[in-house]
Structures are given as structure tokens and as C-alpha cells.
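Undergrad: Each chain, written out:
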Amino acid sequence: MRPEASQTGDFYMAFLSILLEGAPYILFGTLISGFIHAYLPSNLMERMLPKSKGASVLVAGLLGAVLPVCECAIVPVIRRLVKKGLPLGAAISYMLSAPIVNPVVVLSTVSAFAGQSAWFMAMSRVAIGYMVAVMVGMVVMRLKERTVLKDGVMDGDAGHDHDHAELGGQQKLVLAMRTAMRDMLDTGMYFTIGVLITSVVRSQFSDDALLTLGKTEAIAVPGMMVFAFILSLCSTTDAFIVAQLSAISGSAKLAFLTYGPMMDVKLLFMYSSVFKKRFVVWMVFGLAVLVGLLCVLWGVVRS
Amino acid sequence: MKGSRRVWHFVGLGILATWAVVMLYFFASGRLINYLDSPYREFVLVAGVVLLVLVVFNAMTAGMDIDGCEEEGHSHACCGGEHDHEHDHKHDHKHDHDHDHQHEHGEAEACGHAHDSTFDGGMVAALILMVPLLMAAVRTPDGFSKSWFMKREALAMSPTEVPAGMETLTAKKEEAKAAEGSAGGDGATSGGYGAFTLQDLESLVEKSEAGNYMLSIQEIFYTAGDTEIQNVLKGLPVETIGQVLPDTMNDPLGRKLKVFRLFVQCCAADARPLSVTAEFPTKAPAFKEMGWYKVKGTMDFIKEKGLTAPVIRGLELEEVPEPEDRMLY
Numbered sequence: 001m002r003p004e005a006s007q008t009g010d011f012y013m014a015f016l017s018i019l020l021e022g023a024p025y026i027l028f029g030t031l032i033s034g035f036i037h038a039y040l041p042s043n044l045m046e047r048m049l050p051k052s053k054g055a056s057v058l059v060a061g062l063l064g065a066v067l068p069v070c071e072c073a074i075v076p077v078i079r080r081l082v083k084k085g086l087p088l089g090a091a092i093s094y095m096l097s098a099p100i101v102n103p104v105v106v107l108s109t110v111s112a113f114a115g116q117s118a119w120f121m122a123m124s125r126v127a128i129g130y131m132v133a134v135m136v137g138m139v140v141m142r143l144k145e146r147t148v149l150k151d152g153v154m155d156g157d158a159g160h161d162h163d164h165a166e167l168g169g170q171q172k173l174v175l176a177m178r179t180a181m182r183d184m185l186d187t188g189m190y191f192t193i194g195v196l197i198t199s200v201v202r203s204q205f206s207d208d209a210l211l212t213l214g215k216t217e218a219i220a221v222p223g224m225m226v227f228a229f230i231l232s233l234c235s236t237t238d239a240f241i242v243a244q245l246s247a248i249s250g251s252a253k254l255a256f257l258t259y260g261p262m263m264d265v266k267l268l269f270m271y272s273s274v275f276k277k278r279f280v281v282w283m284v285f286g287l288a289v290l291v292g293l294l295c296v297l298w299g300v301v302r303s
Numbered sequence: 001m002k003g004s005r006r007v008w009h010f011v012g013l014g015i016l017a018t019w020a021v022v023m024l025y026f027f028a029s030g031r032l033i034n035y036l037d038s039p040y041r042e043f044v045l046v047a048g049v050v051l052l053v054l055v056v057f058n059a060m061t062a063g064m065d066i067d068g069c070e071e072e073g074h075s076h077a078c079c080g081g082e083h084d085h086e087h088d089h090k091h092d093h094k095h096d097h098d099h100d101h102q103h104e105h106g107e108a109e110a111c112g113h114a115h116d117s118t119f120d121g122g123m124v125a126a127l128i129l130m131v132p133l134l135m136a137a138v139r140t141p142d143g144f145s146k147s148w149f150m151k152r153e154a155l156a157m158s159p160t161e162v163p164a165g166m167e168t169l170t171a172k173k174e175e176a177k178a179a180e181g182s183a184g185g186d187g188a189t190s191g192g193y194g195a196f197t198l199q200d201l202e203s204l205v206e207k208s209e210a211g212n213y214m215l216s217i218q219e220i221f222y223t224a225g226d227t228e229i230q231n232v233l234k235g236l237p238v239e240t241i242g243q244v245l246p247d248t249m250n251d252p253l254g255r256k257l258k259v260f261r262l263f264v265q266c267c268a269a270d271a272r273p274l275s276v277t278a279e280f281p282t283k284a285p286a287f288k289e290m291g292w293y294k295v296k297g298t299m300d301f302i303k304e305k306g307l308t309a310p311v312i313r314g315l316e317l318e319e320v321p322e323p324e325d326r327m328l329y
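In order, the protein sequence lines correspond to chains A and B. First residue of the first sequence: 1, per the numbering used here; consecutive thereafter. First residue of the second sequence: 1, per the numbering used here; consecutive thereafter.
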């Protein structure tokens, strides 16, 4: 017999719905990561991207438009791409921008803001998301991998993966599947922790309490970023939640739409499977400052 | 794959198999409709199947060595953990002796890295991956409580927010107009569809045996933005089905109820109320909070804070079975 609805039941509902929604994307990402690990030649990244690190960051920031991956799937993919030689700065740029420059996200933003300068809002989101992703990528480009990546992420010959050329076809397939399994378990654990926390917040706290942050003029932009961080919504649907909030300013809405896909509770933990804790914390605040400043500037220019 | 690594491999497989079973159970039982919209539900089905394939494949190939670094009878490579072994060796300080000792092999030994490690998160990771999922799967009520409704009121749907694909009377009206226009062969002319009439409403909306216009909550809710439909609908007998809560904010006398559905954009965690007021001439009949009821009454529209709001002047409240699709997508 089904339990009665209750506040604890609300937690289970929220937990299951977010987990079941995100799990297929994580599985998709880890399958890709497994095949990248087993099959992708190590020097392919070097051949595909511009030689210049700066140019590779700029190009990588746009990759999400042609290789759309959602924020749940991107983390295991990025880990394997870095091991295959994708420069770290480019990897970060792609990771942060992919959930925003994603064509599905652009179209859903347009749909959500129908009647409210929809295309302008959608393109503003893409532009600010891209700029922030590239800026962070440019900074990370100058850092050593060992200060950014967790120990063990880059284990292997000279810190990079090799081609596994010595493995036969069957062995490569086994390698791919075992890697996918490993990444699924690893990423899944961090994802579960993030979903647990999000579900606790959603079931225990009122939206009104969180929205108050966004309604207070002086702290609207950071307030809405906090709201986005806690809600942990998918970038394909977050626009529908915020579009209708008439009491929230345009720049605060834009901050919600740009910060959320780059950093939220579940991503915080998923990033921790790849990056060092100090770097993740830096990203939390660094992204908030960059997104906040650009959105405030956008609001000033627009008015 | 040897020793403890093999054990953890099968622990990992067990975890993934559990995830797959939960996904497939929720899909097959139909309970997933309370959590996710389509096509996310179908994604869960595919993911469950793919996950099972991954589990079976990795179980059947558990014995396959892909490391290529194994020495006959003993492996130094790909250990990733502590082990004991006995051998002669020279130390820097000059003496030779046999002794047992323990040392750790990192993964960067011999071949540079291990190919066969699939789960090294340990017991804590296993518990994190299993316990919350199993507890939620067993104890979830498949529906939200009043507490959830109250907490989400700040993000309640507004009549100006019409999600794509939402069934509204306005949408039906526009479709009918377009069909009428193309049937007339001349597109938009003054002799075309004309104003919305009672006859038009009757062609779009079914009536019950008692003569009430059967409208969904969302159809009533979104009439707030269409004066043409309001003019026709006002004063007509209607009935609708939804969950019910007292409207204590606006009515201390207990005459008003909120009749609502929870609208889901993506997954149940973003469920927000879409509600309509039902007002009874005297105290509302007894009801169970969050229960499902058919509300019968007369359609009316009032001005609230400068906005038009639909109100059902309630005459009857009838308990109905909980529908299979509790959420509105």
C-alpha cells in the first residue's frame, strides 16, 4: 500500500524525479566517455582544435552548439576528453558553455519568454554564457593541470592517456564498457549527493523565502543566482520558471539563466569528481562574480 | 581481474543493476507518470535497458584480462591496493633478508595505469548509491502533500504563462477559427468565423448528463486572458476535477476553496500549482485536504488586483477517484 503524502514523501518525490530525469543523461555521457577512452586517438584533439591555446578556448566555447550535451552528461565526457589531450582551458570553456549554447536550450528560452523580447533574452543568455565560459577557460589555460584536476584523473603515461593501440577490437570494447561503468558509478555518486541536497531544500523551504532574494532590488542579481544554485533545474526548462516572475528584473532573470546551467548543487558535487575542491569553490564564486557583473552591465546598457 | 577488485566489480554491477531495475519498474508499473513528462519517461526506459546491457556485458566479461601487463602467476601491475608478498630484494642499507611486508601499488605501475578497475569507491560510495534510491523507491507516495503546494505558491502559474502544448479554450477557439477560415477558402474575411458564440463553445466542449460544461482546470484557468470566451462562459453551469484545499488567505469564513492541478515543466520537482477558486454561498462542504473532487457550479469572473480571475460559484462537491495522471504536463 502506498504511503500517505507527507513532507518526507515530498522529499522522496523530488529526489526520485530529479534522479530519474538526470540518470539517462549521465548514462549517455558515461557511455560516450567510455568510448572516448577506448577508441579516440590521443592526438585527435590536437589536430581538431586550433594550435593556439587561446583560439582553442574560443572555439571550444562554441562546440556546444554542434555537440550539445546537457550539464549532467558533460562532466564524465570532459574528464575523458582532457585525458585524450583536450587542453584544460578548452575543456572548461566547453563544459561551461555547452548547457547554454545548446540549440534546445535556446529554443526553450525563446518559448518561455514569448512576448517578452524572447529572442533578445535568449541571445543575451547565449552571449553572456559564452563570454563567461571563455573568460574562465582563458584563466584556467594558465594553470597547471595538477592544481585543477583531482589526483588520479590524469594518471597514466606523462599525465595523458594513450591510444590503447595494443588492445584488440574485443578488448577495446570491454575497456569502453568498463570505463563507462566506472564513470557511471563515480559520477552517479556525486550526482546522488547533489540531488539529495536539492530535494531536501525543495521539500523543506518555501520558494517565497528564496524569491525574496530576487525581489529585493539591491541584491536581485546575486539573489537569483543563489536561487538558481539551489533549485538545480535543467537548462532546457529553467526559463519557464523565471520568465513569469514579473517582480524580478531582466538582469536578475538573466543571472538565474546563466549561472544555473554552469553551477548548482548537483553540479557542485559532480565537478568534485573531476576537479580539486579548491578549484570547485573558486568556480562557485568566480562564476558568480563574472555572471553578476555582466548581467548588471547588461541591465545598465539596456535601460 | 583479480581478488578484491573482482569483488568490487560485482558490487558495482549490483548497484547499477539496482538502478536499472528501479527505472524499469517505475516505467513498467506506470508510476513514472507521476514524476516525469514524456519523452523523459521514454528516456528512463531506454536508460534502464541500456544499463542492464552494460551490467550483463561487464558481468560476462569480468574474467577477461585487458590489461596486457600480467606476469605469469603473479601480477604487480594494476593492483591498486595493498597486498602481501614474499621475495628477496636488496635494500639501500646493506643487508639481505627475507621478510614479509606490505606495500601499496599505485595504478601508475608497470603499464602506467589499470584497465580493469570499475568501482573503487568503497562501502560509503556503495551506500550513497543504493540507500537513498531504494528508500525513495519504496517509500515514495507518488504524490505531493499540502506542504509542497504551500511552498510552491510563490511560483504558481499565471494566466499570462501558457506553456507550449497546453490545452486551453483559446487554443481550441483559434484552431476552430483557422479550420473555419480554410474551409471557407478565403482566409480571414469579415464573413468568416465572427465572434465567439455559445454555439462555438458547445462545439468545443462536452456537456455532462446534467448539462454542465465539462472543463479541465487549465481550460478554466486560462479563460482569464480571453474576454471573448469569458463573455460566453459567464453564468453557465460548469464542472471540473482537481485537488482541493481551503483558501484560507482570502476567506476566513470557509466559503472558498482552491481547486488545482500541479503543473510539471520537466520533472515533478518543479511541480507548481495551477489553481482556480471555487466559492460556495455558505461554508464549503466537508472535504479531505488534497483529495480529488469534482466541483460543480456556475462560471463567473471577478477582478482581483487589476487582473481577471475565474471563479466557480460552487453548488456541489463530489469526491472522485484519484486519476492515474496526477500531474499536468
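No wet-lab data here; the hints were simulated from the structure. By construction, the Cβ of each residue, glycine as well, lies at the ideal position given by its N, Cα and C atoms. Keep in mind that a hint or two might mislead.
[As the list claims (entries may be wrong)] If you want the footprint, here are the derived chain A segments under chain B, 3+ residues with CB under 8 Å: (1) 41-49; (2) 171-180; (3) 184-194; (4) 205-219; (5) 293-300.
Undergrad: Hint by hint, note whether the structure agrees.
TA: To see whether the hints hold, each was checked on the structure:
no.	hint	verdict
1	41-49	violated (count 0)
2	171-180	holds (count 6)
3	184-194	holds (count 7)
4	205-219	holds (count 5)
5	293-300	violated (count 0)
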